[in-house]
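Add chain B to chain A, keeping to what the hints say.
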Amino acid sequence: MKELDPLLHSQLRLAIMSLLLSVEEADFVWIKEKTEATAGNLSVQIEKLSEAGYIAVRKEIIGKKPRTTCSITEKGRTALDEYVKVLKEYLHI
Amino acid sequence: MEAKNFTSKESLELIAHMISETKKGIAAGSGNPFLCYGYTALAISVATFLIPQFGGSWKWNLLWLMMFLPAVILWAKDRKEKPEVVSYIDKMISNTWTVVLELMILSLIVIVFSGLASGVINLQLMLPLALIFVCTGTLITSLTINEGSITGMTCISFAMPVLLLISMVSGDEYLPIWNLAGGLSFLFSLVIPGHILNYKARKS
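Chains A and B are the protein sequences, given in the same order.
Going by my numbering, the letters in the first sequence line up with residues 183 to 275, in that order.
Going by my numbering, the letters in the second sequence line up with residues 65 to 268, in that order.
The set of hints was computed from the structure by calculation and includes no laboratory data.
Each residue gets a CB set at the ideal place from its N, CA and C atoms; glycine is no exception.
Please note: incorrect hints may appear among the correct ones.
Sample of chain A residues at the chain B side, in silico, Cβ under 10 Å [what the hints assert, rightly or not]:
no.	residue
1	His191
2	Ser192
3	Ala197
4	Met199
5	Ser204
6	Val205
7	Glu207
8	Ala208
9	Asp209
10	Val211
11	Val239
12	Ile244
13	Thr255
14	Lys257
15	Leu262
16	Tyr272
Only part of the chain B face toward chain A is listed, based on derived beta-carbon distances under 10 Å [to be verified]:
no.	residue
17	Glu74
18	Ser75
19	Met82
20	Thr86
21	Ile90
22	Phe118
23	Lys144
24	Lys146
25	Glu148
26	Asp154
27	Glu237
With a straight-line cut-off of 35 Å between C-alpha atoms, the simulated DSBU-like cross-links for lysine-lysine are [what the hints assert, rightly or not]:
no.	chain 1	residue 1	chain 2	residue 2
28	A	Lys257	B	Lys267
29	B	Lys141	A	Lys230
30	A	Lys247	B	Lys88
31	B	Lys267	A	Lys270
32	A	Lys214	A	Lys267
33	B	Lys88	A	Lys246
34	A	Lys270	B	Lys155
35	A	Lys246	B	Lys155
36	A	Lys216	B	Lys141
37	B	Lys155	A	Lys257
38	B	Lys73	A	Lys267
39	A	Lys184	A	Lys246
40	B	Lys267	B	Lys88
Just chain A, same shape as in the assembly (with noise of 0.2 Å):
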């Protein structure tokens, strides 16, 4: 039986990306709105995600306002498809 990704099997990281799958772009502050998570800890699992490939993350100045945006890429949709394909393994689904 395969490895669960171990970068996705991590609540915060997982959440982030399933918050991802749906939309084609969020705001940082909506991510933080909906998984409840601190600032920081949200900032380095982000970044731990982006380096893996998994987001894409644009960091610009709307209205003299910095915002991050974050997207799923490709290898991210993979990586996710593939994880819940394994999970559906373990759990005999």
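Chain B only, in chain A's frame:
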């Protein structure tokens, strides 16, 4: 929520929960761009209908070029504030309206340049073309968000540009009443849909 590990069952539950969190209704103010374009079109149609009645020149028809004004206003507004989350549906609708605007600009450029070559710039075609593009945009939007009342209303609005084109092909003179007819079509394809969208957004 923390970066801790958890069981396989909890993983699946979390994925399902997070995906359900992304489901949202119509965003507040979704109908505002429709209202912005719609009321501009209505005002222009009434003005271009009334001015010739009081002896004004046909050149007042150039007021229709002000239809591009809401695009500039909305573009400036979008640059200042962006939504927290953009769904695939939001993106699709936004792209649809970008294409509608591009088609209008392209049509105007083609009409002006072909007119420069022939010596006569005939902008009459812009009204039915704009109506067809707008009705198509509204139809795609209503079908995407599954809003049957807007779909039906826009299908009826399609009759007006077709009638205008028939008159033009028949060689009829451009009458001021056509502008009013165009405004009526914009009323059903932009103004009323805009109010319906805002009402639905408030309810959701």
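Verification of the supplied hints:
no., hint, in the structure
1, His191, "holds (6 Å)"
2, Ser192, "holds (5 Å)"
3, Ala197, "holds (5 Å)"
4, Met199, "holds (8 Å)"
5, Ser204, "holds (4 Å)"
6, Val205, "holds (5 Å)"
7, Glu207, "holds (5 Å)"
8, Ala208, "holds (4 Å)"
9, Asp209, "holds (4 Å)"
10, Val211, "holds (6 Å)"
11, Val239, "violated (15 Å)"
12, Ile244, "holds (6 Å)"
13, Thr255, "violated (15 Å)"
14, Lys257, "violated (18 Å)"
15, Leu262, "holds (8 Å)"
16, Tyr272, "holds (4 Å)"
17, Glu74, "holds (8 Å)"
18, Ser75, "holds (6 Å)"
19, Met82, "holds (4 Å)"
20, Thr86, "holds (4 Å)"
21, Ile90, "violated (15 Å)"
22, Phe118, "violated (44 Å)"
23, Lys144, "holds (4 Å)"
24, Lys146, "holds (6 Å)"
25, Glu148, "holds (4 Å)"
26, Asp154, "holds (7 Å)"
27, Glu237, "violated (48 Å)"
28, A:Lys257 to B:Lys267, "violated (38 Å)"
29, B:Lys141 to A:Lys230, "holds (34 Å)"
30, A:Lys247 to B:Lys88, "holds (25 Å)"
31, B:Lys267 to A:Lys270, "violated (38 Å)"
32, A:Lys214 to A:Lys267, "holds (27 Å)"
33, B:Lys88 to A:Lys246, "holds (28 Å)"
34, A:Lys270 to B:Lys155, "holds (32 Å)"
35, A:Lys246 to B:Lys155, "holds (24 Å)"
36, A:Lys216 to B:Lys141, "holds (26 Å)"
37, B:Lys155 to A:Lys257, "holds (21 Å)"
38, B:Lys73 to A:Lys267, "holds (13 Å)"
39, A:Lys184 to A:Lys246, "violated (47 Å)"
40, B:Lys267 to B:Lys88, "holds (12 Å)"
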